[in-house]
Amino acid sequence: MLRKKVVIDGKEVEFKASAAVPRIYRMKFRRDLFMDLQKVAKSVKEKGKKEKRKETEIQEESEILIGENEIQEESKIPIEDLEMFENIAYVMAKHADPENVPADIMDWLEQYETFSIYQILPAILELWNMNEETKSKSKKNLNRVAGS
Numbered sequence: 446m447l448r449k450k451v452v453i454d455g456k457e458v459e460f461k462a463s464a465a466v467p468r469i470y471r472m473k474f475r476r477d478l479f480m481d482l483q484k485v486a487k488s489v490k491e492k493g494k495k496e497k498r499k500e501t502e503i504q505e506e507s508e509i510l511i512g513e514n515e516i517q518e519e520s521k522i523p524i525e526d527l528e529m530f531e532n533i534a535y536v537m538a539k540h541a542d543p544e545n546v547p548a549d550i551m552d553w554l555e556q557y558e559t560f561s562i563y564q565i566l567p568a569i570l571e572l573w574n575m576n577e578e579t580k581s582k583s584k585k586n587l588n589r590v591a592g593s
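Every number in this note's numbering is 445 more than the matching position in the sequence shown, counting from 1.
Just so you know, not all the hints are guaranteed correct.
Unchecked claim - When the alpha-carbon atoms are kept at most 30 Å apart in a straight line, the in silico BS3-like pairs for lysine-lysine are as follows:
id : residue 1 : residue 2
1  : K461      : K484
2  : K450      : K473
3  : K473      : K490
4  : K461      : K490
Please keep in mind that the hints were generated in silico from the structure rather than gathered at the bench.
These figures come from a predicted structure and were not determined experimentally.
Using the sequences and the hints given, assemble the complete structure.
Quick look at the structure:
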């Protein structure tokens with residue numbers, strides 16, 4: 446069970462990763478946390494690649510103008526993925542601080558003017574990966590003890 450604090454819109458928010466998070470997420474949203482985390486991470490990664498490609502195209506072909514709307518259209522993360530990200534962040538924040546995080550995700554999101562996926566997702570992924578790493582080490586140690 447690991448915790449990490451992130452500043453969101455000037456407020457410190459704590460996130461918690463544990464074995465309970467996938468179950469809480471599934472019960473609350475009827476979705477698979479692992480699948481959703483992978484999908485959101487992939488969308489953010491692809492968006493970064495598209496933006497980088499567009500910047501390169503603009504630099505290489507400086508005489509060809511690409512409409513601003515086209516650039517924005519291609520670089521957007523799908524709304525479903527943003528919603529999954531908000532749901533994941535909410536569950537991990539509620540798990541860390543059940544007394545102070547509202548019971549409704551909309552009430553929680555209303556506390557923030559901005560809620561940047563680029564700021565928060567890396568922290569959540571890092572926390573989740575550290576949690577998974579800790580579980581793997583525990584299993585290896587258990588196997589060593591059991592095998593002795």
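Each hint, compared with the structure:
Restraint check: the Cα-Cα separation between K461 and K484 comes to about 20 Å, which is no more than 30 Å; the hinted pair holds. Only pairs whose Cα atoms come within 30 Å are accepted, and K450 paired with K473 is accepted, the gap being roughly 23 Å. Of the pairs offered as hints, the one joining K473 and K490 holds, with about 27 Å between alpha carbons and a cut-off of 30 Å not exceeded. Straight-line distance between C-alpha atoms of K461 and K490 comes to about 23 Å, which keeps the hinted pair within the 30 Å bound.
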